[in-house]
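K.L.:
Residue numbers (my numbering), protein chains in the order written: chain A, 1 to 144; chain B, 1001 to 1101.
These aren't lab readings, by the way, just hints derived from the structure by calculation. Keep in mind that a hint or two might mislead.
[As the list claims (entries may be wrong)] One side only, chain B facing chain A, incomplete, derived with CB under 7 angstroms: (1) Glu-1022; (2) Lys-1023; (3) Ser-1052; (4) Asp-1055.
[Unchecked claim] Covered, in the sense of this in silico footprint (three residues per stretch, anywhere, with C-beta under 8 angstroms from a C-beta of chain A), are these stretches of chain B: (5) 1057-1065; (6) 1078-1087.
Glycine included, C-beta positions come from ideal geometry on N, C-alpha and C.
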Amino acid sequence: MKITNHVKINLPAHVGNEGFARAAVAAFCAPLSPSIEEINDIKTAVSEAVTNVIVHAYPEKDGEIDVEVVIYDDKLISITVTDAGIGLIDPDQAMKPFFTTKSAEEHSGMGFTIMEAFMDELDVRSELGRGTRVTMRKAIKQHA
Amino acid sequence: MEFSSTTNRDEVIVNLSGELDEKSAAQTREYLDKQLRDHRYNRVILDFHGVSFMDSTGIGVLLGRYKKITENGAELCVRNLNKQIDKVFRISGLYQIIKAV
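Chain A with its partners taken away, still in its complex shape (with noise of 0.2 angstroms):
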């Protein structure tokens, strides 16, 4: 596979960034020509993945997410969103539906359920005290 076009958006992990965030990507995706149903599907994991970052990964100091998106052979586009926080205790029992540390603010815990269903695959990689990447793959179906 072939690396047709990439790019690195690198931004404070601030509420408020996941609405930048989601579109950026999303305009960076838009010369694929995606239906709308999944350049939606794209934000939507897009925003969950930089929402948790904002959310969870750095409770006590201010720290960065890193977004990048490559795309391979103007059709697979790959997403990975990293940041170097506190990482995750138990990565697979994060990932279960309804898994919130935050009830009490009312977390729903179904982002990486969202991820996993919008997106065709996803990944996540996460060690404690160093950060967590996530990274989600979509391929483009071509539209007539």
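Got chain A sorted already, so can you dock chain B onto it with the hints?
P.N.:
For chain B alone, coordinates are given in the frame of chain A:
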């Protein structure tokens, strides 16, 4: 996020407009809770006609309101969801407890 509401006897329709995500969650929670504190309704309908996007932060906001509304014996419904929000509802199972009207 912008809000307006129309009351019809024991029913309130809340029109939401904007994007329901981490940024707008607190404001949405506050507006809805104020509506529910001020009156006692049998049915609360959230009209999503003006909402272009919702992620799982919105699920949390809705589940929180659902608890409060049903504790008071009332019903929470939604209407006019776009396709993106409809998919979030379907995947998360929200339709099992919040009816679309």
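K.L.:
So which of the earlier hints does this model not fit?
P.N.:
Violated: hint 3 alone.
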